Amino acid sequence: MRMKRTIATLFSALVLLVFLVDCTAADKQRPDQPPVTPDFQTALATEVVESEAQPGGSLVITFGVGEPRHFNPALASGSATIIPGVQIFASPLRYDENWNPQPYLAKSWEVAEDGLSVTLHLVEGATFHDGEAITSEDVAFSIQIVQQYHPFKTMFAPVTGVDTPDPYTAIVRLSRPHPAILLAMSPPFLPILPKHIYGDGQDILTHPANLKPVGSGPFKFVSYEPGKRIILERYENYFIPGRPYLDRLEFWIDADPASQAVDLRRQVAHLAPDYINLPGLDYLREQDHLVIAPRGYEAIGPINWLAFNLLRQPLNDVRVRQAIAHAIDPDFILQYLHEGLSQRAPGPITPDSPFFEPDLPDYAYDLQKATQLLDEAGYPLQEDGVRFALTLDYIPITPSQQHDVATYIQHQLKEVGIVVQVRDSDSFPEWAKRIGDWDFDMTMDVVFNWGDPVIGVHRTYISDNIRRGVVWSNTQNYSNPRIDEILTQAAVELDFGKRKALYSEFQKIVTQELPVLWINVVPYRTIYHRGLGNPPLTIWGVHSPLDEVYWRQPPQKKFITPSAIADKTALDPVVRTGVRAIQLLQDQDFYTARQQLQDPTQDFLELGKSGRHVIGFTREGRVFLDNSGQLQAGMNISILLDMVGNPVLPILIESAQQAGTEAIHMDRFWPHPTTQQVGAISIWCGLLTREEIVCALAWDEAEGVGK
Amino acid sequence: MKFLQNVPIRVKVLLAPILLVAGLLILALLGVYGLTQQNATLESIREDMIVRIRAVDDFALLSEEVQSDVFQIAVLQSMNLPVENILPIQERLETRLNKLNILYGQMLIHWDLDAGEKEHLVQIEEPLDTFQQHAVQAARMVLNNQALGVQLVRSSTISFGKLQAALDELRDHEETRISQANQSARQRAQSLTSWIGVTIIGILLVAGLTALISTRLITRPIRAMTELMTRLAAGDLDIEVAERGRQDEIGTMARAVEVFRKNALEKETAEMALQESRRALETLLGNLPGMAYRCDNDPDWPMRFVSQGCLALTGYPPADLLDNARVAYAQLIHPDDREGIWENVQASLEKNHFFELTYRIRTANNEEKWVWERGEGVFSGDGELVALEGFIIDITERKRAEVALKKSEERFRAAFRTSPDSININRLEDGLYVDINEGFTAITGYTREDTLGIPSTDINIWEDPEDRARLVAELTAQGFVNNLEARFRMKDGHVITGLMSAKILMLDDVPHVLSITRDIEELKQARMALQKYSERLEEMVEARTADLVVANKELEAFSYSVAHDLRSPLRGIDGWSHALLEEYGDQLDEQAHQYLDRVRSQAQIMGHLIDDLLALARINRHQMRRQPIDLTALVQSIAAHLQEEQPQRQVEFVIQEGVTTQGDAYLLEIALTHLLSNAFKFSGPHSPARIEFGQTSVEGQPAYFVCDNGVGFDMAHVSKLFGAFQRLHAPTEFPGTGIGLTIVQRIVYRHGGRVWAEADPGHGATFRFTLKEEA
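Just so you know, the sequences run in chain order W and B.
In terms of the working numbering, the first sequence has 243 at position 243, counting the first letter as 1, and numbering is strictly consecutive.
In terms of the working numbering, the second sequence has 1468 at position 761, counting the first letter as 1, and numbering is strictly consecutive.
So that you can see chain W by itself, here it is in the shape it has in the complex (with noise of 0.2 Å):
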């Protein structure tokens, strides 16, 4: 960590002295590091060192991960709230890229012997963002808070009470040794709320703060116009002096990620955590000013999978889930469907966590051997071919991880006489709904390692966490005494070496058992800027705060200016509309640009009898602002030919270079954004960088349709 170790971190790493050692050392020595790629390589070349960090400016943020239903992550552990929330809430601990937990609001912590308490030092002149102090007496009420509402119950299930002996030393007191209560601390699980705000009597879960923090992390609140974005700034008061280097965050919300590229590729948004449009990487990919890490996401440790639900004949049978898994190709699922990019997960611990068992039974792609083992569990081919049929579930989201992935399966299985149906869901609720109810054959499934498996781990395999109604608990109905046996100790035990003991045994026999065909890790990215110093690259990544955050090299925008006939009085209103949009993306930022083009009154949109409105599009076609709404942003029109048949781009870009004074004229080339009739329009083109076009159109009524 580039930050300053303290003595107090001395200290922490004496008491945890053996899980840290063993779990470094455990890094180093694992043989199946992701593979470097070159994007992982640029990822570690742009990393430069504190010295240089320079304060200022503001950072735009895209958000694929749908649209946040609070700012508050100690309610609920969703990414959309935990992105914007971890920046506004500061938490007890970090965490570095290698595991190790670092001062944040607790400047120095300890673990008593007996593992029965944790004191916490906090840092002293701390405030909330309405000027209040942060004291213990806050960090009792959140714990309190988290440990009563958040989704996680095993984080902090072991805590009797916090006691509060000054403002700032908090002792946590656990009833049983807790090995995973320091990441517990970690910025997603444990923000800081303010008890003065949040502790006055209101329901907690329908708080008006929730929507409009009240912070202790480094930026906070400004605004949250629903859809659209979030905005953040500077906390002048934060903490750590100096920081946060950034003087905005702006969120862009609920972004499909076609728009998301085309935002980033145009250096307007300059961050996109989660990312995992696989397709459209290549594009992103060709972009200089890009970075494309896979990491991040160690600590989420994200697997995708194919669960079975045991209760059901015939995936009751070991056999038929080994034949199952003898049928499925991991390796055409990763190297074709993921284009190489997802890491192989075999078991149900992430190969990035300390804790990874890299010995497991491999099941070859084989399907004379799926064939025999339904054979000898009693499923012999029928007439038809046929042995059995099942159903198979999905998440609706993420494609390349869930649906297409059950459309491979569904094809590999009959082959070995297994007829699949994949079912569909509208939404993720009720995919959520059927599994949670066992209603359910097989389904793909995507479920977080959390950390530490006694967080995302355990609750899938653990027989007491058979809990009907409720997704990402054990809705397999797995049950094996022995595993129960080995969660629990694992859940109380402290000396690393044991632990990792312990969870071998557990991941080499579930393996053995298959309640669950592992698949990959979901190969998320956090797509970045070149010029950003410091980027998010811890195990927690962008779900941590961006407060070392700085702009090495702020993104610079060449435009070009309108030339000689750049003249706004132009008379033909398609020119002088084109001209003044290009004026007006010059002088404001986009996000504002593009609200006043889309406001009818500011005069660049009639969608009455002329249709006159304009468009803007990247060199190789891709569409970043159309204010009719008639293309939608991201949207590739390269592909696009007139009624004629002739091919439009090149039309648009020609056009663009020469920026007459006069608009052009085209007949059948493109429908008006109302009627979508398709008549003779005037256009006018210009560049507003020199990979930029923007054009503005309209119909030409005395040359209409009515011919």
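Just so you know, these hints were derived from the structure itself, not from any lab.
Only a predicted model underlies this, so the values are computations on that prediction, with no experimental measurement involved.
For glycine and all other residues, C-beta sits at the position ideal for the given N, C-alpha and C.
Among the clues, some could well be false.
No more than 27 Å apart at the CA atoms, straight line, and that leaves these computed lysine-lysine pairs for DSSO-like [to be verified]:
(1) B:Lys1210 <-> B:Lys1231
(2) B:Lys869 <-> B:Lys1114
(3) W:Lys508 <-> W:Lys369
(4) B:Lys806 <-> W:Lys414
(5) B:Lys1231 <-> B:Lys869
(6) B:Lys869 <-> B:Lys806
(7) W:Lys369 <-> B:Lys806
(8) B:Lys1210 <-> W:Lys414
(9) W:Lys609 <-> B:Lys1210
(10) B:Lys1106 <-> W:Lys414
(11) B:Lys1210 <-> B:Lys1239
(12) W:Lys153 <-> W:Lys609
(13) B:Lys1113 <-> W:Lys414
(14) B:Lys1106 <-> B:Lys869
(15) B:Lys1058 <-> W:Lys414
(16) B:Lys806 <-> B:Lys1210
Far from chain W, some chain B residues (derived; all Cβ distances over 10 Å) [said to hold, decoys possible]:
(17) Ile760
(18) Ala854
(19) Arg861
(20) Ala872
(21) Ser898
(22) Gly909
(23) Leu911
(24) Gln1185
(25) Glu1192
(26) Leu1230
(27) Cys1414
Position chain B relative to chain W; hints supplied.
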């Protein structure tokens, strides 16, 4: 050869047959083994090829289904069906695209590829990617924006064509490989057979030679011995050789004769071994998937040889077909196909070329199968046609897939068929009906028999043939027509109004019109009824208005006469009370003076009111004459007049130059006088007062304004402003009757304009009005 002398003759005699039998046995074994090996290898290659061709076919079929989905979405969308009907198709489309991807990946990763295949597969990748992208984007865009969507559908059609072309190449490649495998199988089988033949002859020669040598070794001593031996040697072998029990040379000879007899028997065994090897060859042919045959060139196709595949293919065992034993092959062929096959084969034979045929046969269990045949003529050395040889395989599955594709098209057509709107496809050029749906029949009464193959002009469905000409012109110009309203004559002669949308559709490169027509006759009728009703309503309104005008006129006349008639008694009241004051003033006390003053002032007020009423009536009765008016000059003169009347007032007039309009000079002067004197009056308390006149534009029309910086009024009372005798200020504050603005409003209304005011208490008021330039 000396050592042979010591060998007993019986051994020498045995030597040749033993060698012969051993050689033949080894050969037979070798032959059978080799053929089995060969068979297995070839079979696996063939199976592989067939699997691959099938996969490529599946792939092509799937991509066709995807493209058909794209079209389906476009058509359903153009029929304006609700989106719930279209979304499932879109989902299916995306699943199918995904399957395409998986099939492609399987070929790429799980197939053992040769260089040619690899090259072809790589060539598919790009068109496949493009096609997938286009299909997805087209399907999505169609839902969002139909016009751009249709453009993308066109892009997807182009990329689909490219993908199909690439696939065809791959399929050709695989098919070439399969026919190569077939050919090499046959060649190898032939060469193996001839090799066996040659080897057998060789062995026979060697054996014969050996026998000859052995015989010589035996005959020399025999000749030297006895005549009997010669007799015996020349005698019938069947005879019982009685002397063979003897131990001398004759006994040996007798036994030798016996050995020769056995030798003949052994020869028979050898022949059987040869037959066995032939049978192995047949097994090879029999195991091929399909039937190999040899037949005569005769319309009955009498079979001289058929392989075991005959049973699987035709349902008849080979014996039934051989030499037309039970059934002639020609009888199996579908009657419709027989003649074509004969002609095709004869033509190929003439060209000395192989023939390939696809036709239907009916099997023993009365099942119809599609078969593919490839064969050629076998000619003797002097060019005489000896027989036909070839191979027939079952391609029913493939045909079925083609039928399945047709069915999916059928399903697509079902949407067409069952739409309640009238849909038809006709030739652009002459309106010749190619297809109509049930909606068409339901609406027009014309059945399919009435219409298909008949031009629309022949059944006179267009009431006005010009409408069709208009449709064709628009379609030719832009490819589609939306919401064309036209009149159509139904079969029973009645005429309806239809709303037609149409698109150009290419069928076999001939432009056709796909048109969807909705019967809007009822709508039209309802609209007309509404129109009639509203016309009646208008008439009623006009009648009522006329009544009102008369009533108004009467009222005006009445108010004029009332005002006029009231004036003289009023003047009397004023005059007489004035006289009373003048002449008897000194006799009246203070109180009486006050009363009289009040009488006078009330009479004067009443006089003003009557004047105003008269003015108002006059305005209503005034005959309008529009003429150009210089408003600036008019306002200037009114302002000068006001100034003159009250020279003590400090009022600044700001009058815009050059304001002109069209209107009635008399009325406008009255209106402006009222507005300006109002402004003059209400700006009293302000010094310096400022009054502005000018012209602006409101909603694109010229508007005129008079604006002052006087007391203004509360906008809450703006509604009262223009009412007759309504006052916002007490008469003590500002004199007046409250009729002025009513008059202004009347005048403006009579000019077809409107007047309105804005004000702010203490900060003045602005009155604006417009005048309609030309009534």
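Lys1058 (chain B) and Lys414 (chain W) were given as a pair; does the straight-line alpha-carbon distance stay at or below 27 Å? Violated, at about 48 Å.
Test the statement that Glu1192 (chain B) is away from the interface with chain W: the closest C-beta pair must be farther apart than 10 Å. holds, 14 Å
Hey, Lys1113 (chain B) versus Lys414 (chain W), does the alpha-carbon distance stay inside 27 Å? holds, 25 Å
Does the structure keep Lys869 (chain B) and Lys806 (chain B) at a Cα separation of 27 Å or less? Given that 27 Å is the threshold and the Cα spacing comes to 19 Å, the pair holds.
Lys369 (chain W) and Lys806 (chain B) were given as a pair; does the straight-line alpha-carbon distance stay at or below 27 Å? The given pair, whose Cα atoms are some 25 Å apart, holds under the 27 Å limit.
Given the hint that Lys1210 (chain B) pairs with Lys1239 (chain B), does the C-alpha gap stay at or below 27 Å? violated, 35 Å
Check on Gly909 (chain B) being off the interface with chain W, judged by Cβ distance over 10 Å: Correct as stated: the minimum Cβ-Cβ distance to chain W is 45 Å, above 10 Å.
Does Ile760 (chain B) really sit off the interface, with its C-beta more than 10 Å from all C-beta atoms of chain W? At about 18 Å from chain W, Ile760 (chain B) clears the 10 Å cut-off, so the statement holds.
Verify this label for me: Cys1414 (chain B) is non-interface relative to chain W, using a Cβ-Cβ cutoff of 10 Å. For Cys1414 (chain B), whose nearest Cβ neighbour in chain W is about 27 Å away, the distance exceeds 10 Å, so it holds.
Taking C-beta pairs only, is Arg861 (chain B) more than 10 Å away from all of chain W? violated, 6 Å
If you draw a straight line from the CA of Lys508 (chain W) to the CA of Lys369 (chain W), is it 27 Å or shorter? holds, 21 Å
For the pair supplied as a hint, Lys806 (chain B) and Lys1210 (chain B), is the alpha-carbon distance within the 27 Å limit? Violated, at about 32 Å.
Checked against the numbered hints listed earlier, the structure breaks hints 5, 8, 11, 12, 15, 16, 18, 19 and 24; every other hint is satisfied.
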